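Numbering (the working numbering) for the sequence shown: 47 to 193.
No lab work stands behind these hints: they were computed from the structure. Just so you know, these numbers come straight off a predicted model, no measurement behind them. Glycine is no exception: its CB is placed at the ideal position from the N, C-alpha and C atoms. Any given hint could turn out to be false.
Pairs of lysine to any residue residues, derived as SDA-like cross-links and limited to a Cα-Cα distance of at most 20 Å, are as follows [as the list claims (entries may be wrong)]:
no.	residue 1	residue 2
1	157	120
2	157	183
3	105	157
Pairwise CB distance ranges (calculated) [to be verified]:
no.	residue 1	residue 2	range
4	176	82	44 to 50 Å
5	96	173	17 to 23 Å
6	76	179	48 to 54 Å
7	110	175	36 to 42 Å
8	182	103	34 to 40 Å
9	138	186	39 to 45 Å
10	93	115	20 to 26 Å
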Amino acid sequence: MKHFAILLVSLLLLKQGYAQRKKNGATTQPAPLVDSIAFHLYTDSLKKGLHNYINIDGKLPAGGWYPLTAEDILFESDGGRFEGNNLIVPADFDKEKLTITATYKRKPTLKKTVTIYIKILEDGPLKTKEEIMEELRRPPKKNKRGG
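Using the sequences and the hints given, assemble the complete structure.
Encoded structure:
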């Protein structure tokens, strides 16, 4: 009888939506079902040897956007490897671009593909605090085109 009561309470909790999946010790809600997916990238090029976050969102039936993770999306690429939403491009990667395909796991017909170029130029040295302050003090340059 005790086991029956526990089973009954568990079923009631599941039905009411109180049971939540657990991942890495944290309680999370399942992602809502989406109508479409889209890449919303933070950059126009990928950097070698770094974690490049690949942001993909799902369009909700009501019109809003919902951020999706590797739990929701199957990521594939013709270069590098994924760790969650992060694409790691090897430092010795020798192609000028790579292609990423994102497939929504709950509806595999929802797929998006994007081609992203690899950053070629190295980042220059960061400006010092003094250089930044000096630029802020200088008056803005006037546009030489007459108007």
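Checked hints:
1. 157 - 120: 9 Å, holds
2. 157 - 183: Given pair residue 157, residue 183 is violated - Cα atoms ~49 Å apart, limit 20 Å.
3. 105 - 157: 13 Å, holds
4. 176 - 82: 44 to 50 Å: Holds, since residue 176 and residue 82 (Cβ atoms, about 49 Å apart) stay within the stated range.
5. 96 - 173: 17 to 23 Å: Once the Cβ atoms are compared, 21 Å apart, the range 17 to 23 Å for residue 173 and residue 96 holds.
6. 76 - 179: 48 to 54 Å: Cβ of residue 76 to Cβ of residue 179: about 49 Å, so the range 48 to 54 Å holds.
7. 110 - 175: 36 to 42 Å: Check passed, 40 Å falls within 36 to 42 Å.
8. 182 - 103: 34 to 40 Å: 35 Å, holds
9. 138 - 186: 39 to 45 Å: About 43 Å separates the Cβ atoms of residue 138 and residue 186, which means 39 to 45 Å holds.
10. 93 - 115: 20 to 26 Å: Between residue 93 and residue 115, where Cβ atoms are some 21 Å apart, the hint holds.
Of the numbered hints stated above, the single one contradicted by the structure is hint 2.
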